[in-house]
Amino acid sequence: MSEPLVTQSAERRTARPPLVTIEPLRGWAPLGLHELWKCRELIYFFVWRDVKIRYKQTILGAAWAVLQPLLTMVVFSVIFGHLAGLPSDGTPYPIFTYTALLPWQLFAYALSQTAISLVSHQQLLKKVYFPRLVIPVSAVLCWVVDFSIGFLVLLVMMVYYGIVPTLAIFTVPLFVVFAMVAALAVGLWLATLNVQFRDVRYAIPFLIQFWLFITPVAYSSSLILDRMPERWRFLYGLNPMTGVVEGFRWALLGKSGDVGSLIFISALVVVGLLLSGVIYFRRMEGTFSDVV
Amino acid sequence: MSDIVIRVEAISKYYRIGERDPYKMLRDVLVRSLSSQLRTIGSRLMGRGPAINGDQNKNDFWALKDVSFEVREGEALGIIGRNGAGKSTLLKILSRITLPTSGRAQMYGRLASLLEVGTGFHPELTGRDNMFLNGAILGMKRAEIERKFDEIVAFAEVERFIDTPVKHYSSGMYLRLAFAVAAHLEPEILLVDEVLAVGDIAFQKKCLGKMDDVAKQGRTILFVSHNLQAIAQLTHRCVLLSDGRLLFDGPTAQALEKYRESAVPGAHNATYYQTRTNVPHNHLAWVAVQTSIRPGLHRWGDPIRFEFGLRVAEPMDGLALSFHVVNQFGERVCHFWMTNSDMIRTSEPRTFVLRCDVPKFRLYMGSYTITTWVFRGDSDLESLKNICPFDVTMDGIYREQLWKTGDCAYLEDADWDVGCDDLPD
Numbered sequence: 004m005s006e007p008l009v010t011q012s013a014e015r016r017t018a019r020p021p022l023v024t025i026e027p028l029r030g031w032a033p034l035g036l037h038e039l040w041k042c043r044e045l046i047y048f049f050v051w052r053d054v055k056i057r058y059k060q061t062i063l064g065a066a067w068a069v070l071q072p073l074l075t076m077v078v079f080s081v082i083f084g085h086l087a088g089l090p091s092d093g094t095p096y097p098i099f100t101y102t103a104l105l106p107w108q109l110f111a112y113a114l115s116q117t118a119i120s121l122v123s124h125q126q127l128l129k130k131v132y133f134p135r136l137v138i139p140v141s142a143v144l145c146w147v148v149d150f151s152i153g154f155l156v157l158l159v160m161m162v163y164y165g166i167v168p169t170l171a172i173f174t175v176p177l178f179v180v181f182a183m184v185a186a187l188a189v190g191l192w193l194a195t196l197n198v199q200f201r202d203v204r205y206a207i208p209f210l211i212q213f214w215l216f217i218t219p220v221a222y223s224s225s226l227i228l229d230r231m232p233e234r235w236r237f238l239y240g241l242n243p244m245t246g247v248v249e250g251f252r253w254a255l256l257g258k259s260g261d262v263g264s265l266i267f268i269s270a271l272v273v274v275g276l277l278l279s280g281v282i283y284f285r286r287m288e289g290t291f292s293d294v295v
Numbered sequence: 078m079s080d081i082v083i084r085v086e087a088i089s090k091y092y093r094i095g096e097r098d099p100y101k102m103l104r105d106v107l108v109r110s111l112s113s114q115l116r117t118i119g120s121r122l123m124g125r126g127p128a129i130n131g132d133q134n135k136n137d138f139w140a141l142k143d144v145s146f147e148v149r150e151g152e153a154l155g156i157i158g159r160n161g162a163g164k165s166t167l168l169k170i171l172s173r174i175t176l177p178t179s180g181r182a183q184m185y186g187r188l189a190s191l192l193e194v195g196t197g198f199h200p201e202l203t204g205r206d207n208m209f210l211n212g213a214i215l216g217m218k219r220a221e222i223e224r225k226f227d228e229i230v231a232f233a234e235v236e237r238f239i240d241t242p243v244k245h246y247s248s249g250m251y252l253r254l255a256f257a258v259a260a261h262l263e264p265e266i267l268l269v270d271e272v273l274a275v276g277d278i279a280f281q282k283k284c285l286g287k288m289d290d291v292a293k294q295g296r297t298i299l300f301v302s303h304n305l306q307a308i309a310q311l312t313h314r315c316v317l318l319s320d321g322r323l324l325f326d327g328p329t330a331q332a333l334e335k336y337r338e339s340a341v342p343g344a345h346n347a348t349y350y351q352t353r354t355n356v357p358h359n360h361l362a363w364v365a366v367q368t369s370i371r372p373g374l375h376r377w378g379d380p381i382r383f384e385f386g387l388r389v390a391e392p393m394d395g396l397a398l399s400f401h402v403v404n405q406f407g408e409r410v411c412h413f414w415m416t417n418s419d420m421i422r423t424s425e426p427r428t429f430v431l432r433c434d435v436p437k438f439r440l441y442m443g444s445y446t447i448t449t450w451v452f453r454g455d456s457d458l459e460s461l462k463n464i465c466p467f468d469v470t471m472d473g474i475y476r477e478q479l480w481k482t483g484d485c486a487y488l489e490d491a492d493w494d495v496g497c498d499d500l501p502d
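Protein chains in written order, with my numbering: chain W, 4 to 295; chain S, 78 to 502.
Some clues are possibly wrong.
Derived BS3-like pairs: lysine-lysine, alpha-carbon spacing no greater than 30 Å straight-line [to be verified]:
no., chain 1, residue 1, chain 2, residue 2
1, S, K293, S, K244
2, W, K129, S, K481
3, W, K129, S, K283
4, S, K218, W, K41
5, S, K225, W, K41
6, W, K55, S, K142
7, S, K462, S, K287
Hint data in this document are derived by calculation from the structure and do not stem from the laboratory.
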């Protein structure tokens, strides 16, 4: 009876499983991106779960993904476009604002979900080990589905308004990634802070509302830039969403003001926020299960 | 001699009371002390550990202190100790859920723990969906789950409901499915924590069988339980923890003996459970089971006393207590509760001593624990699970045959009268 056991264990010894070392964190943790990549299936399952349950037990179901940007567009068009008469760089106002609302809502929903993601997964954090970055990353990714549905509506609107896209339309995925990375970058900071301080949860709706006002969604960035001295204009790019929104308009509507430098600065800000966010997250990771 | 698969070297874990509190609001941190606010926030923001030398709060404590041991491949190791001895903390560190404050643990291979059965299950998803989700969370590859799909479903006995959302499952089905996924993980190291306290007896036997299989396949098992009988069956070696320290490491029989001895705390005779920290809400400060032979050992049929120190920190009316005596299979075999007329009414913070006397305690020989519920109306305020372990023995109770374990759950006093109902032939 014991014979097979011995051979099996001898076999095992030749292919020894990897060594895992558990010790206190000293200094700064490595980014752990390799580990994250190994968990891509888990990320997939988390995204799949979130998408699958998002509109469960709703009457309208996935129609919500269309209704939310569409209704906002209607309100914006009536109030800002029609009543307030905000300029829209020569494009019909509804499509002008819808083009910005899509990436904006992708960002806003992804950010708010990411920021509370660690706390809402506290049961998991306390019971199972897996690279914790999986949680915020999948919280961002799952909004791509809503975005895609909303994007189809945009294509229909472009046909309706007779807008012919240029080749620049092929850069849209780039700006989608840009919006998601921006949400992840800010979300990582907020999610980590939220573990410790639940104040974050209350600050998020306010933050997002505030952020919407400073982002050229309802208005054109030229409205702001024209009132700024030339050499200070880059400051407006410090808001990463300026870059994203202007990028979208450029890629889809072909309007090109002088937005290249804005986008570049926004991208720099996002990269900085993302790097610091990941570092901070990794640094705090070990305490999540004790504190959350 | 087989290889060492787990090496634990002088692991310590320090908890600050703040870290065990549910969570803090920024405001709480700010108002605590003006002078130290910036330092506090700073260190919390950076997740710094405690200042080990210097200002130690009396509520801070070492959940583990310098624990070292090694586990060889294919070995089944029991981890025993009273509540709060550090078992859970040790498991959390080994399963990488929390980091040690100092020391180091090294492991070869995938470690799966059955302490997380069903975590990550989503009520809206079907059994099938949850199998994949839960499997992925536990570290299985998709292909691996697909391969074992039928086996897992069969083990869980949920074939008919596999496409039903698990929110419609009975709790038994839910647990079976959850356990089935975890049990098919095929890790090099399996960590089992009180999992046998779930499900019905038949399923528990199945689980024990599965664990036996795992052990026979030469994989390593760490088994944590209050069920001393299961520990004795499954393991040959045990480590005994007490107050975060390793008290004993050796053969199971000796460890169990030492464990029973250690169940005698010096200061309070027979007080087995005591809260460690100043809990701000209403809670049980201590619980004592006064057994008849010696602390932790009770003779069948003798009077037993259950005593509870209920700390009412937030005065309210209608507080009451109930408790179960739970057997080694996790079944609640006795239920005791306070009647309305005994409910606690107070308008100021006080500690009440609640005493429950059972004149003849007739549960059959075996190992028991108690589970308590502090409640008010329909809401449970605090529940302590598996505290105050004690054994019931038949020593000194005479019968012609030897007493055998498992003969019955409850043994009633009875008088027999034997007579003839017809005339002699």
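Here is what the structure says about each hint:
Simply put, S:K293 and S:K244 have alpha-carbon atoms about 36 Å apart, too far for the 30 Å limit, and the pair is violated. Among the hinted pairs, W:K129 with S:K481 is inconsistent with the structure: their alpha-carbon atoms are about 41 Å apart, more than 30 Å. This hinted pair checks out: W:K129 and S:K283 have alpha carbons roughly 27 Å apart, not beyond 30 Å. Under the criterion of a C-alpha separation no larger than 30 Å, the hint pairing S:K218 with W:K41 is consistent with the structure, at around 10 Å.
Between S:K225 and W:K41 the alpha-carbon distance is near 21 Å, which keeps this suggested pair within the 30 Å criterion. Of the supplied pair hints, the one linking W:K55 and S:K142 is violated, its CA atoms being roughly 45 Å apart against a limit of 30 Å. At most 30 Å may separate the alpha-carbon atoms for a hinted pair to count; S:K462 and S:K287 meet this at roughly 25 Å.
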